[in-house]
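Number of protein chains: 2
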Amino acid sequence: GLAAPAIAQDRPKLQWRMTSSFPKSLDTLYDASLTIAKYVTEGSDGQFEIQVFAAGEIVPGLQAADAVTNGTVEMAHTCSYYYWGQDATFALGTSIPFGLNARQTNAWFYHGDGNRLMNEFFATKNIYGLPSGNTGVQMGGWYRNEINSLEDLKGQKVRIAGLAGRIVEKLGVVPQQLAGGDIYPALEKGVIDGAEFVGPYDDEKLGFVKVAPFYYYPGWWEGGPTVHSFINLEKWNELPKSYQSLLTAACQAANCDMTANYDYKNPAAIKTLVNQGAKLRSFSQDILQAAYDASKEVYAEIGASNPTFQSIYENQLEFKRDAYLWAQLAEYTYDTFMMIQQRNGAI
Amino acid sequence: GLAAPAIAQDRPKLQWRMTSSFPKSLDTLYDASLTIAKYVTEGSDGQFEIQVFAAGEIVPGLQAADAVTNGTVEMAHTCSYYYWGQDATFALGTSIPFGLNARQTNAWFYHGDGNRLMNEFFATKNIYGLPSGNTGVQMGGWYRNEINSLEDLKGQKVRIAGLAGRIVEKLGVVPQQLAGGDIYPALEKGVIDGAEFVGPYDDEKLGFVKVAPFYYYPGWWEGGPTVHSFINLEKWNELPKSYQSLLTAACQAANCDMTANYDYKNPAAIKTLVNQGAKLRSFSQDILQAAYDASKEVYAEIGASNPTFQSIYENQLEFKRDAYLWAQLAEYTYDTFMMIQQRNGAI
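Chains B and V supply the protein sequences, listed in that same order. Mapping to the numbering used here: the first sequence position 287 is 276, numbers consecutive. Mapping to the numbering used here: the second sequence position 97 is 86, numbers consecutive.
One chain only, chain B, in its complex shape (with noise of 0.2 Å):
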């Protein structure tokens, strides 16, 4: 027989409502969530329409991933690592300390294991999980002194969290955990002694260099953070193939605008910070190798007692060491002769 043209049924009418783990004022984040939107949206004339909220609007940001899991909203805008105290297997899909770098992250999301092994453990949350989103290396956070080495840093209390808190308690640092808004007063106040964040773009709206003027690097914990849609994962089944294949589109693009949007838009405020009167340090080569060898003994602390958490390790781990050999040849040497030309002046 005839087949009936099939373009309606193909295209229900779907509105989705996508809650994000970020306000509005974090613009390089949470316009990622707006890209996604409009790509889906416009892509299918409207008729697959995902409505962005700010953290805060439906569920607190941190809350993310569970108003996922339960159908409270079909999709998040999050960082998998936010819910690492439930198991620490998710901070394998953000980033965890002395991982792999922006780049090295998405060949093994896309073309290695990444994506598949997250979404097998996605999957035990109900969750499916597209990378949407890229930060970059972020800065080391701002401190109230100078921190020359080992033994400045103990006793330090120090605004970081996730694992990377787990890991600077083994050098004696106290951590604490603050939200945004609070980080400023007790800076101020001295409260905490220190404060990590994001990096230069979003660090110069909170006016940090004010009270903290020390601006460490590299982000150790945050070599190439990924922001994450979730989605529920019934609501994803229940998609046509259409919109599957427009919502992976759309967050793919998302994944390389966000990267690009913080790459244009970091140059210029790190200029704006030191002309504010930041003084850009780097983290003393002890400290970071005291941070790796405490970042090694924690993963094997919780790999012994979970093992999707160590397998999925393992392979990223298996990544990392090949990927940091080639990552020294093309790419490592022409990045330092470049660098070498603006120290000249002669770019």
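Worth flagging that the hints you see were computed from the coordinates, not collected in a lab. Among the hints, erroneous ones may be present.
The list treats identical chains as interchangeable, and a pair is accepted whether it falls inside one copy or across any two copies.
Claimed, not checked - Calculated cross-link-like contacts (lysine-lysine; reagent style DSSO-like; alpha-carbon spacing at most 30 Å):
no.	residue 1	residue 2
1	K254	K285
2	K230	K2
3	K254	K230
4	K114	K2
5	K230	K194
6	K224	K27
7	K260	K285
8	K230	K27
9	K268	K159
10	K2	K27
11	K146	K2
12	K194	K224
13	K194	K178
Keep in mind that this is a model prediction, so the values were computed, not measured.
Given chain B, work out where chain V should sit, using these hints.
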């Protein structure tokens, strides 16, 4: 009155042909065109169908832009710099020697002025361009003998194309134009002394290691080369907004995906090549510096008679200064530390 349901009209049935500048055998390059076609075709339920043709199936690879300009095909997947002989401004769409790296290139295109400026130029050729892939920094090529100094370079016959060829001429190199398939026999017989191609994954396929084992880095003429979708401008303007959006998302996703593909495959390929006898060598600082200085001379020569080139070049240059200042902080120190761990066997 009542509006009629607009679905069918909003989604006309279109069949487009995309000619690739690449053969199927260069799968990291060619597959990006398949990715674009898949996202667009799937995302439109097959209503906007893009068929991909390998180089030579409709037109030769280096005639892809002309085929778009004159409407032989609706679109192409090609490198803008292939057409620099028509107008050097085309080179700025892909990469110029000592230009931006891959992430900086995306920043300039998507959040700086890159896409706007390049499309003002492309429009004069009846083309609309969307970045659709990036290889990352390429390798510097294969040499039969070691090149230890500027003196060693003099008189070397090297397969190298485009602007880079014009620059190395200033260093005494005799640039040669050879199609990919002609490189191996020319190297084997000593007709040429060296040849640049792409990077480990692509180069391995052509077996250069057997006849020219010295494998140099970095490919300073390709710090972050973009592969473009070139779309016939009238065809682009006729597209419904939903198809424009879908194609835009697909190209940005493919841009991300190609880099991830290379970054996943190159690490394994470099190990294979070394096992096959490749001798890795970095270009000496005096060679890089002489090439850098020569590139600035060439840009000044071109800019003096090509104001479009000059204005886009200056726009890119201004961003490059700040981008390479910022890149020295978090990204570079993070990667450096991780590379030390890699060399110490501690990853």
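Going through the hints against the structure:
no., hint, in the structure
1, K254 - K285, "between (33 Å within a copy, 27 Å between copies)"
2, K230 - K2, "both (14 Å within a copy, 18 Å between copies)"
3, K254 - K230, "between (36 Å within a copy, 29 Å between copies)"
4, K114 - K2, "within (27 Å within a copy, 40 Å between copies)"
5, K230 - K194, "neither (41 Å within a copy, 36 Å between copies)"
6, K224 - K27, "both (19 Å within a copy, 22 Å between copies)"
7, K260 - K285, "between (35 Å within a copy, 26 Å between copies)"
8, K230 - K27, "both (19 Å within a copy, 12 Å between copies)"
9, K268 - K159, "within (27 Å within a copy, 42 Å between copies)"
10, K2 - K27, "both (16 Å within a copy, 23 Å between copies)"
11, K146 - K2, "neither (51 Å within a copy, 62 Å between copies)"
12, K194 - K224, "neither (37 Å within a copy, 43 Å between copies)"
13, K194 - K178, "within (19 Å within a copy, 62 Å between copies)"
Comparing the model with each numbered hint stated earlier shows that hints 5, 11 and 12 do not hold.
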